[in-house]
Amino acid sequence: MATATTAGTERAALERTWAAPPGLLGFVRSAAHKAIALRYIVTAFGFFALGGVLALLMRLQLATPEARWLGPDLYDQVFTVHGSTMMFLFAVPVMEAMGLYLVPLMIGTRNVAFPRLNAFGYWTYLIGGLLLWVSFAVNSGPDVGWFSYVPLAGPAFAPGKRADIWAQLITFTEIAALVAGVEIIVTTLKMRAPGMSLNRMPLLVWAMLVTAFMVIFAMPAIMVASTMLAMDRLVDTHFFNVAEGGDPLLWQHLFWFFGHPEVYIIFIPATGFVSQIVSTFARRPVVGYPAMVLALVATGFLGFGLWVHHMFATGLPKLGESFFTAASLLIAIPSGVQVFCWLATLRGGRVLVRAPLLYVSGFVAIFVLGGLTGVMLAIVPIDLQTHDTYFVVAHLHYVLIGGAIFPLLGAIHYWLPKMSGRMPSERLGRWGFAVLFVGFNLTFFPMHQLGLAGMTRRVYTYLPETGWGRLNFVASAGAALLAFGVLLFLANVAWTLTRGPLAGDNPWGAETLEWATTSPPPSYNFEHLPVVENRYPLWADPHPRRVVTGLRTDRRDVLVTDAIDATPDHRHFLDGPSIWPFLSALAVGVGVITALFTAWGVVIGGALLLLTLTGWFWPERDRPEPGP
Amino acid sequence: VIRPALDVSALPSHAFGHRTTLWWGVVLMLTIEGAALALTAVAFVYLRQSFSAWPPEGTPPPDLIAATTNVALLLLSLLPMRVVERAAREFRRTALVVSLGVMTVLGAASCVLRGFELAALNCRWDDNAYASAVWLLVGMHAAHLLGATLENLLLTAVIVGPVEPKHYVDADSNAFYWYFIVGAWTPVYVLVYLWPHWA
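Chains as they are written, first to last, in our numbering: chain A, -11 to 616; chain B, 49 to 247.
Chain A with its partners taken away, still in its complex shape:
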């Protein structure tokens, strides 16, 4: 077993079994979790850049009073496409993609539970993103806000196809998000390395698990809502039409029953990044593992009890509003628990200050400020005063950029050595962070004051007499700096990929299993699946020697374990590369895009999907296996 030759033969056999198929067709057929996840990440950052350009256009328009860069119609499209891109095409997909890359590595397995479904999710997401941006390019971008409120988005006030494109963008991105959610849950629960019981799971895996469950329960609400909206617009149903007994508030309830958990779907993975980074650079386990896990789970539940705080201005009964105020204040507690645990970890650790940790410090500072304005907005009288003003714009960007983008960029810096095999530049990383931090605060801090001074959201310009010019100019200058910071970050990534020094397996001296394999990991992740005996496996044993043997190397054999204790249960052959997920995603694409124009799209798409799914599930006769 231990001789060099058998190890070499074994690696070669694993490589033959798990390697990606060659060529362009192979690219389309690939079902490897790392390849799919990296595609997701690259695509999501592409949309992030596009959404960022739209933000810059808005800041250009608002930099001075009565500017004429963008007209009102284009401005409406720009802020809608910006918001929709950032929420649906960047934030959620990129967080789930990090999970799809990291979870199998961190729990010690070879791929996700349903590799082909994973590929299908990516292609669906890509088609949805292209639909939005191609429509925008031909002046048909949605223009009713990322929340697409009725009656504005209904058939009476939004003629044309713009609102329909938003509704169908939702269909695509929700399918993709749900697929990724299912992947992460099943992989986490059933494919952990033997010995990694639930209470030994890394905090990031916990965060991804909670997030995935939130996806499963939140996304159906927006699917139902956007289906109703599309039907109201296409086949004259009356879900939101007051004249026929419909109710616009039904839209808001359904939308925010999804929309508020969505914030936590973006934020909770980020807390997972923070936990791993803090632990690595404080050189000690995060203080209060059980408290951290309970905080994550509590956030997951409480996140579903807050949605009405987006609707305080709609005249709902006061008693109901009080309940949601209480819940909104309550959720500050688990977030606070996490922040204090991180601080305690740093306080007692031998802290090594590196760029990822700087991003985390930026996260704590900004997120706490965003959290404070969040507590303010949870109070009904304050909310009524600041509703629909730039105060809310400031709040949401503090929470989302501070709470998600800073940890994400830190996470990319932190895991880039694993993903690429090369170390990023520390100097460029620090500069990038500093510029981003200053640029961010310069952009969004003045917006608090602008909101209190009465500047409403979604106005395409304002008069000089309002006195908003100076602060808006500061915000716009900050936006330019922020964009420069993003460029520095991307330059560092480019430098890493081309010139970065080789990283080795575990450059940061971290404790989780992904650092036990080579950088980048081989197609099969681990030559031998590890056996876990400790919550911090690599600190207990830097080169795990106790491993699983007996998995086949000539088929894609993985180990399925018990959901709680991760005791070995049975072996399972995973599906390999296939063209059918791509074709199925195309079938969905044809159906949904046809449904923009006629309800027959559902029938056409359904028939095509049936054909492709039959192809997908039809047994491959080329590798018979002996019967039971």
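These are calculated hints, taken from the structure and not from any lab test.
All figures in this text were calculated on a predicted structure; none of them were measured in a lab.
One or more hints might be untrue.
Here are the simulated distance ranges between beta carbons [what the hints assert, rightly or not]: (1) A:Ala301 - B:Leu59: 55 to 63 angstroms; (2) A:Gly538 - B:Arg137: 20 to 28 angstroms; (3) B:Val146 - A:Leu186: 39 to 47 angstroms; (4) B:Gly106 - A:Phe311: 32 to 40 angstroms; (5) A:Arg445 - B:Leu112: 36 to 44 angstroms; (6) A:Val223 - B:Thr116: 24 to 32 angstroms.
Here a beta-carbon is modelled for each residue, glycine too, at the ideal position from N, C-alpha and C.
Please arrange chain B on chain A, whose structure you already have, making use of the hints.
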């Protein structure tokens, strides 16, 4: 230098029920679909407050004959589906093919009945918000019914051919999907068909 600590070569290469990844995948899919159906049902109840009468004035309540027959048929179909499950877990191929065939026929019959149900809803989706919600609820479930029936058909075809153990696992999981379809429909039937008669 590695130290083999756990030899898994003797473990089986398949399992049934909650031990498998497929079962968990199906459960999560059903959670998603169940959540969507439940939210639609909540929307239906929510829309009740927009009307003084239920069903709204001028809209007769739906006919019960086809719908009730269909509920009975679906509940009855649980029995052959139980046979599918048993046959799959015991790798009894003939029994599996026959029971899956029976299920395909029953599913098709239920789809046909659903067609009669839609014709007897006594409203069109564009009449009013009540009618829209009724059509969406019944239609959503019909999509599942059709999907699962086609799946039964496909599985029958697969199991007739050269078969691997994993296809028995597929058939077993599909039984679970069917239980969901029947289980989810019963409360929706009460809501859509019986509630307007009481109200």
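Exercise. Quick one: are Val223 (chain A) and Thr116 (chain B) within 24 to 32 angstroms, going by C-beta?
Worked result: The hinted range 24 to 32 angstroms holds for Val223 (chain A) and Thr116 (chain B), with Cβ atoms some 28 angstroms apart.
Problem set entry | Status of the given 39 to 47 angstroms range, CB of Leu186 (chain A) versus CB of Val146 (chain B) | Because 42 angstroms falls inside the window, the suggested range holds.
Exercise. CB of Ala301 (chain A) to CB of Leu59 (chain B), is that within 55 to 63 angstroms?
Worked result: 59 angstroms, holds
Exercise. How does the Cβ-Cβ distance of Gly106 (chain B) and Phe311 (chain A) compare with 32 to 40 angstroms: does it lie in that range?
Worked result: Holds, since Gly106 (chain B) and Phe311 (chain A) (Cβ atoms, about 37 angstroms apart) stay within the stated range.
Exercise. Does 36 to 44 angstroms hold as the CB distance between Arg445 (chain A) and Leu112 (chain B), or does it fail?
Worked result: 50 angstroms, violated
Problem set entry | Status of the given 20 to 28 angstroms range, CB of Arg137 (chain B) versus CB of Gly538 (chain A) | Holds, at about 25 angstroms.
Checked against the numbered hints given earlier, this structure breaks only hint 5.
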